[in-house]
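2 protein chains.
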Amino acid sequence: MKLRLTSDEVIEVNQGESIYAALKRSGIYLTASCGGKGTCGKCRVKVLEGGVNITSQGKLTAKDKEAGISLACATFPINDLLVEIPKESRLIVGDKISIAKTKDLAEYLRSYGVDISLTIKSVALDLPHPSISDNIGDLERIQRALEEKGITNMRFSHGFTSTAVEALRYSNWKVELTYVTGDVIYNEAIFLTSKEFCYKRYGIAVDIGTTTVVVYLINLLTGQIVDVGSTYNSQMRYGDDVITRIVYATEGGGLDELRDAVVGDINTIVNSLKEKHRIETCEIETAAVAGNTTMAHIFWGLNPATIREEPYIPTLNKFPLWKAGTAKIEINKQAPLYTVPCVASYVGGDIVAGVLASKMHRNAEVALFMDIGTNGEIAIGNNEWLMTAACSAGPCFEGSGIRCGMRATPGAIESVKIDPQTYEATIGVIGGGHPMGICGSGMIDAVSEMFLTGVLNQKGKFVKEKSSKIKDGEEGPEFVFYHDEKLNRDIVLTEVDIENLLRAKAAIYAGVTTLLGEVGFTLDSVEKVYIAGGFGNYINIERAIILGMLPDMPLDRFVFMGNTSVTGTYLCLLSEDLRREAEDIASKMTYIELSVSRNFMDEYMSALFLPHTDMNQFPTVQALLQK
Amino acid sequence: MKLRLTSDEVIEVNQGESIYAALKRSGIYLTASCGGKGTCGKCRVKVLEGGVNITSQGKLTAKDKEAGISLACATFPINDLLVEIPKESRLIVGDKISIAKTKDLAEYLRSYGVDISLTIKSVALDLPHPSISDNIGDLERIQRALEEKGITNMRFSHGFTSTAVEALRYSNWKVELTYVTGDVIYNEAIFLTSKEFCYKRYGIAVDIGTTTVVVYLINLLTGQIVDVGSTYNSQMRYGDDVITRIVYATEGGGLDELRDAVVGDINTIVNSLKEKHRIETCEIETAAVAGNTTMAHIFWGLNPATIREEPYIPTLNKFPLWKAGTAKIEINKQAPLYTVPCVASYVGGDIVAGVLASKMHRNAEVALFMDIGTNGEIAIGNNEWLMTAACSAGPCFEGSGIRCGMRATPGAIESVKIDPQTYEATIGVIGGGHPMGICGSGMIDAVSEMFLTGVLNQKGKFVKEKSSKIKDGEEGPEFVFYHDEKLNRDIVLTEVDIENLLRAKAAIYAGVTTLLGEVGFTLDSVEKVYIAGGFGNYINIERAIILGMLPDMPLDRFVFMGNTSVTGTYLCLLSEDLRREAEDIASKMTYIELSVSRNFMDEYMSALFLPHTDMNQFPTVQALLQK
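From first to last, the protein sequence lines are chains A and B.
Using our numbering, you'd call the opening residue of the first sequence number 1 and step up by one each time.
Using our numbering, you'd call the opening residue of the second sequence number 1 and step up by one each time.
Do not rely on the hints blindly, as some may be mistaken.
A pair holds if it fits inside one copy or across any two, identical chains being indistinguishable in the list.
Okay, derived cross-link-like pairs now, DSS-like style, lysine-lysine, Cα gap no bigger than 25 angstroms in a straight line [said to hold, decoys possible]:
1. 200 <-> 318
2. 333 <-> 323
3. 323 <-> 274
4. 318 <-> 149
5. 318 <-> 174
6. 63 <-> 37
7. 46 <-> 461
8. 65 <-> 486
In short, the hints are calculated from the structure, not lab data.
Bound-form chain A, shown alone:
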């Protein structure tokens, strides 16, 4: 059967194949955090012509169904179809905004005063041809040549050896030998390439978030970002937070399922990038990955059970340089895979990478680092000391658990202004065009605007009589920001969404105040606040203060950093000095367990209001409200 898209692409559908599977086979990836099980409601498509069988409508509203929206993974063509794929359903590979944001990373790397020094090195060998009188083995020939160049202690893996015979002869005994020389006291030969034909050398930096997976494709010679890709972490189908994932992992076979899910996500992105840039699997020669401690354990197939049980012990914090093949990442099997070290069970490599990316560990001034991802981790300190804590914030700022939530990709509402007279919303959309959902920075804007204009009260409930934009939806009152005529769909924030946002911001704010209290500091002593997280182009700091998520401090102390986990991973991929700095950060950082802190729960309860029960902590907001 034929499947024609409104974009005029035509693909073939096999008997018994879902639209999702057919599209995937044809290289058109849809976001589907459940991996195509009909439960996450993300792979929405609109069937305009043709007959289908539908096996699931999970998460679709009555309106969606009316509008002809169905889930691609649960929709099976009966005959030829005409289908529209909403932009928000597509997996994002190489969107212009992300690339624009990251293109200066090579320069940022140089700002650290370090050179590119990978976990791998290459050496050119021009070997004498074997003869009856010089008939040593191929490996012994390589070894002799290396020793002549002063390179000793070379270890030869089985994978290397089994490909050496052909590689040597194919390249007429002129080869580049690549070897691992990372955290180890020996060198390990990993592959041979031909001196003549090898121009391209790539690496990847991977951020495994609890909610989002991001991959940077990097030119190893220049340090430049070639492209980026991102998607939801398919582990989400097993639960939103790390605790439910750990529980699932300890059930029979659960660990492998979780591992396969996230490895599948990474490979989906990596394979799209390889295809797009015509890169061979073997040409991606090294990788670095960061994630929180649970994500890192699951990624490496290590049982995370003990992370959850008192006294909260991970299997390891400092990961050896294992190989991409062991992790089943579809790059050069022999590529060493650097894992950014973790601090403790609930502060992982993503935070170490973030601190590295902020440079706070290099400066004398006391700084606060806040990563507003799924978990909400905080670090405070300077070049002499570092302390850290984790507060479970939940994934809503990454678009998960919010009806129209989405990541900060094109089509996301990233800014909202509400007219105090008419209560009409003016929205800013990433990439322009009509909106498809709302991302973290849009949510912060929206809630603070609704609060300032009185559409929301201090408890986060709608004041219905204020605006005609407040409608009764299926889950209770909701504020409509945009009505999509074509899809007959509203982009809204519901009261349930707002409850989620308040819980998340309260956890973050309470984390900051509790950690400051633990070290006996006040907000005045903090000279810089680094904000990290999967927001859009920017975060409106003023609005985040109105929301009560960020402390009420002078705006010039705030620095918005974006996804610092992937930035730090990028830095570690490319520099041995920075890998050492990451390890220093990990071992230097003192972890405070908030769950055993008496103050944290009090602080959290107080922070569940807009902006806070103690308005003295938010003088700026008080002044605004009085205006």
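The hints should help you fit chain B onto chain A, whose structure is shown.
Just chain B now, with coordinates in the frame of chain A:
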């Protein structure tokens, strides 16, 4: 269906299953050098009752068929059967003779003046339990304890790490950590065992012959042989010699087939030994293996193509300590597998192990070492120099390519005396009882006796009128040593068999004389001759001289060593000093390529007679004939 054996065992046969497959599934292994393809004619069984479908009768004679013999792999039961399995068809695991011969190996090891020092070491760790205040990761905890004991540079494999969590908790933080500390400049942790429950520690020494595979199961604490097992190398179905195997390996998929064949043989033996001695897979913790260069390459999955092409280059001679899991040997996956180093493309680790076992490299006297296996390798030298050469002798002394040939296992004719008056043969059978075939030493006896009594002429042809024991068989004249009434089968040597034996002995003798000539030595300067090979309890040196296989020297200079390849492998498994000596031997030994030697072909042609065209080289035989 039921299959009842005359030994009163009863097993179930599935629909469509051959007798061979059904027996194998029930743990009764038959020898089948073709691996059950109906071609080698070794898995003979006698169906006494019941109906069968027969799909092949490869290598069965008319008499066999008359006697009701069929091939188990090509015989498919139609209904319940009563079957007799001749002893010669059974795979040999733990026969008493081999064990008797090897039981003193631990003492032989001590005669080298070395202690047991494996490629693995174990260290007992009594770790402090983790707590909130001591919450480092499991691996970091192990690392800390190791550093306290002064053990640094420990590398943790992924396999080790993924099992550490459970092992630590199961054993209540008291563990034995086993690590590899072989040829490497770092230590690699490979597994944890519980201090309380671990008493047994095993290793295996494996000899991969072109024709035969032998496995010794060794108690690592005492060095004692627990048991032995042996079988034909199933690669034989792809050709008898290394050259045809190399050719086959370079065809599509051939390398994997050959690898799987021999790995299957080793695992068949290892699994029988584990079952017999109730040993867990993980309790076999280290292994050593020797084979000729081609066997070693195929075993490790390395393309042997270049071994065959001028200038005859192996991929490597000195193998790193790769893991049992990489080789797919079914012992502890993490067990390091030591490969005895090779010298060149046609002199492998089996010869290095043999020289090591002979101790000729430690003595001042000039000695000759002859390994009369499938290939026929020779070494000459002393503690100052060593030279070596290979002459392709073929596998007939191991029972292959000889109608009634078999290995030196119970039931084999190992000695033959022919009455010069009656021409009646008196035979000696290994283990007593009725004979099932004839092994290498029996063949040497038989041919020399037949020659001395005039039954055979100098060209190796039967003098038919001499004896009524010479009959006309299907392949021409044959000498009958024994008639098996029960199976209605003759144990014979045919004229074709004798041609094969003459070619083999000529290659060996010509190798010796050519190599001696190359180094400018005569037989007089050789003070010891070490004979290795898969013969029985002994080789009758006098008879081997009459055959013209061994040089005509005083008998007291000859020492029969048996399978020196597996003995040397055993020594390497247990001693680091001897592993170093093996490496010294391999690098010290000068290889002479006989195929480019002008003299070799001349010498070979002259040696194709009994004992030789130049009778002056065999004065003792001349004297005997004159008697």
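Going down the list of hints, with the structure as the test:
no., hint, result
1, 200 <-> 318, "neither (30 angstroms within a copy, 33 angstroms between copies)"
2, 333 <-> 323, "both (7 angstroms within a copy, 18 angstroms between copies)"
3, 323 <-> 274, "within (19 angstroms within a copy, 33 angstroms between copies)"
4, 318 <-> 149, "between (32 angstroms within a copy, 21 angstroms between copies)"
5, 318 <-> 174, "between (37 angstroms within a copy, 23 angstroms between copies)"
6, 63 <-> 37, "within (22 angstroms within a copy, 66 angstroms between copies)"
7, 46 <-> 461, "neither (33 angstroms within a copy, 89 angstroms between copies)"
8, 65 <-> 486, "within (13 angstroms within a copy, 83 angstroms between copies)"
Checked against the numbered hints above, the structure violates hints 1, 7; every other hint is satisfied.
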